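Residues in the sequence shown are numbered from 907 upward in steps of one, following this note's numbering.
Don't read these hints as lab results, they were simulated from the structure. Model, not experiment: these values are computed from the prediction. Be aware that a few hints might be false.
Quick list of in silico lysine to any residue cross-link-like pairs, SDA-like style, CA-CA up to 20 Å [claimed, not checked]:
| hint | residue 1 | residue 2 |
| --- | --- | --- |
| 1 | Lys975 | Trp999 |
| 2 | Lys975 | Met1006 |
| 3 | Lys975 | Asn927 |
Ranges between beta-carbon positions, derived for each pair [what the hints assert, rightly or not]:
| hint | residue 1 | residue 2 | range |
| --- | --- | --- | --- |
| 4 | Asp1142 | Arg1023 | 52 to 62 Å |
| 5 | Met931 | Ala1257 | 30 to 40 Å |
| 6 | Ala1079 | Thr1177 | 20 to 30 Å |
| 7 | Arg1023 | Leu933 | 13 to 23 Å |
| 8 | Glu1221 | Leu1045 | 14 to 24 Å |
| 9 | Asn927 | Leu1007 | 44 to 54 Å |
| 10 | Glu1159 | Leu1045 | 43 to 53 Å |
| 11 | Tyr1018 | Val1240 | 50 to 60 Å |
Using N, Cα and C, we set each Cβ at its ideal position, and we do this for glycine too.
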Amino acid sequence: MPHPRTKKVARPFESIEPPRNTEVMILVVSVTFVVMLLGALSESPVWLLGLLVFLPGTASALCTVRQTKFVSAWTFLVVVVTVLVRHGDGRSWLDRLLMMLLTLALGVASVYACHRRIHRENEMLRLRSTAAAMQRHILRPLPMLTDEVLVDGLYEPVQEDRLVGGDIYDVVASPWGTRVLIGDVQGKGLPAVGAAFAVIGAFREAAHREPTLTALVDALDASVVRHNSYAAQTGDDERFVTALIANIDAHDEVQVINCGHVPPQLLHHNTVTTPALDSGVPLGLAELSAEPATVDWFAFPSGATLLLTTDGLTETRDADGTFYPVTERLTERVSLSPTELPHALYDDARAFAGHDGQHDDVAILSVRRSPFR
């Protein structure tokens, strides 16, 4: 059943909220008053009117097209009235005419620039929304229940300056037990999503075909290599993928292969431990390593929880650059249920980072061993 917590999903055309019309009017009138006051005091109003021509340009970068039209029309009107009224300052009519034409041209250019900006933002937001919808459709909804485990968690891509995230996860109930994947693709955006799709597709197919975890990892590595070969043909950058693959069967141990990923945390009897694992090379780089992928075994008793994360959690920093203390905060929340724990950690990490801290894409999975086997 889906988790009851409501998730925020970006709207297709969501962007930075423009200022309200009243705010724009108050700001424009205030700037105009200041400029005119300085002009009266300096006895050079026409020269100071040059300050007003920057208003439409500023509006084109921050406001809507309608608001930019208002600012441009207001600026042009103020310039025209001032130039016509202040005719005794010694300036020729040619200078006055050039001032009015320049203001008009800048206003028209500002409106056009605003229209182009909003059109470009909408195109990027359409692309981002499509890619994010594809990614969320490919990633299986949580929680997932198999004969061996209950898997719950969350995935939160950061979209402020990137199209979509590169974190991945999947769960497959295979003939050899439940196989769990969590990974992080190098880089962000659509090229990273392409590599993520390649790994997930290979995992879902090979998890049912390969009887051993090493053969499964070899298949995943080959999928990244193939993806990179296609990317090279189109001029895209090659990618690698850090990943952790686990196999949970009826025995009280879990098999894990760590491909350069964040180590898991084991929660059992209100204690938190970090199993000692050999860390291999990321997927896509196996040919650079002389050592094959190594399977690690460690105890995973009934009722225990295995926490799998990406570095979006472990490398979260506050404004001072201090890393989020995962083990410490996890120890304080060890009694939470597998459903509550990922969301509690994510919320705590966001609060720890604050507004000025470092944020990244985050994937957190809690894998609870079923007590009834």
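Numbers of unmet hints, in rising order: Of the numbered hints, 1, 4, 9 and 10 do not hold.
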